[in-house]
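Colleague: Keeping their order, the protein sequence lines are chains Z and V.
Residue numbering for the first sequence follows the working numbering, beginning at 344 and increasing consecutively.
Residue numbering for the second sequence follows the working numbering, beginning at 25 and increasing consecutively.
Quick caveat, the hints were computed from the structure, so don't treat them as lab data.
A couple of the hints might just be wrong.
Unchecked claim - Computed list of lysine-lysine pairs in DSBU-like fashion (alpha-carbon distance at most 35 Å, straight line):
#, chain 1, residue 1, chain 2, residue 2
1, Z, Lys352, Z, Lys384
2, V, Lys105, Z, Lys381
3, V, Lys100, Z, Lys396
4, Z, Lys352, V, Lys92
5, Z, Lys365, V, Lys92
6, Z, Lys379, Z, Lys365
7, Z, Lys362, Z, Lys379
Single-letter residue listing:
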Amino acid sequence: DTEVTQTPKHLVMGMTNKKSLKCEQHMGHRAMYWYKQKAKKPPELMFVYSYEKLSINESVPSRFSPECPNSSLLNLHLHALQPEDSALYLCASSFPLALQETQYFGPGTRLLVL
Amino acid sequence: GQNIDQPTEMTATEGAIVQINCTYQTSGFNGLFWYQQHAGEAPTFLSYNVLDGLEEKGRFSSFLSRSKGYSYLLLKELQMKDSASYLCAVRSNSGYALNFGKGTSLLVTP
Chain Z
344 DTEVTQTPKH LVMGMTNKKS LKCEQHMGHR AMYWYKQKAK KPPELMFVYS YEKLSINESV
404 PSRFSPECPN SSLLNLHLHA LQPEDSALYL CASSFPLALQ ETQYFGPGTR LLVL
Chain V
25 GQNIDQPTEM TATEGAIVQI NCTYQTSGFN GLFWYQQHAG EAPTFLSYNV LDGLEEKGRF
85 SSFLSRSKGY SYLLLKELQM KDSASYLCAV RSNSGYALNF GKGTSLLVTP
């Protein structure tokens, strides 16, 4: 099973809303990632969790708040977003520091901020 | 920092062979990945190179030269479903985060 699942698939929210994106994997991976991808651009790393601890925050605005409740789950809490935050949000997971350590991506949540 | 370059667009004919190049300049190197991404979908893993040479996987092969900072992805017997964006990604020594190139949009025509 090399599946990473993400919910919801699509999300429309206003700038005053609070919403959460969810990501789940059952491959025993201990590193999980959030990426943001705008149309026709590559994924940009936002956050990395390793063994449930935040290890990388790529200077992401505080209106994005990650959470890793356990080794299988990763959330991204959204609050007071801006229209320019509209994008595809991708979750990925991997075995940290393994020899090959391939990152497997979920299908993404397509977010539209109005 | 990291600088990863790949062509923006390529077009090839069904049944043909196409080579997508990627050059990189990084402060460290701990592996190069190729991903395929269809429009509106997640990237899917294609190949991984960390040592020099060619890795073959069915219709897809990937080559790496660390001294030249160069990789290519070779797609043989092209099919229409191979029309997608192909992303080159490098992992530096400083951790396991991937840095992606801008991607090459491949169009396969009949």
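Colleague: Evaluate each hint against the coordinates.
Modeller: Hints, one by one, checked against the model:
1. For the suggested pair Lys352 (chain Z) and Lys384 (chain Z), the alpha carbons sit about 19 Å apart, so the restraint of at most 35 Å is met.
2. The suggested pairing of Lys105 (chain V) with Lys381 (chain Z) holds, with an alpha-carbon distance near 23 Å, which does not exceed 35 Å.
3. Distance hint between Lys100 (chain V) and Lys396 (chain Z) is unfulfilled; the C-alpha atoms sit about 42 Å from each other, more than 35 Å.
4. Proximity of Lys352 (chain Z) to Lys92 (chain V) is assessed by CA-CA distance (about 41 Å); at most 35 Å being required, the pair is judged violated.
5. The straight-line distance between the Cα atoms of Lys365 (chain Z) and Lys92 (chain V) is roughly 40 Å, outside the 35 Å bound, and the hint therefore fails.
6. Taking the CA atoms of Lys379 (chain Z) and Lys365 (chain Z), the gap is near 14 Å; set against the 35 Å cutoff, the hint holds.
7. A C-alpha spacing of about 16 Å is found between Lys362 (chain Z) and Lys379 (chain Z), which places the hinted pair at or below 35 Å, so the restraint holds.
The structure fails to meet hints 3, 4, 5 from the earlier list, while all remaining hints are met.
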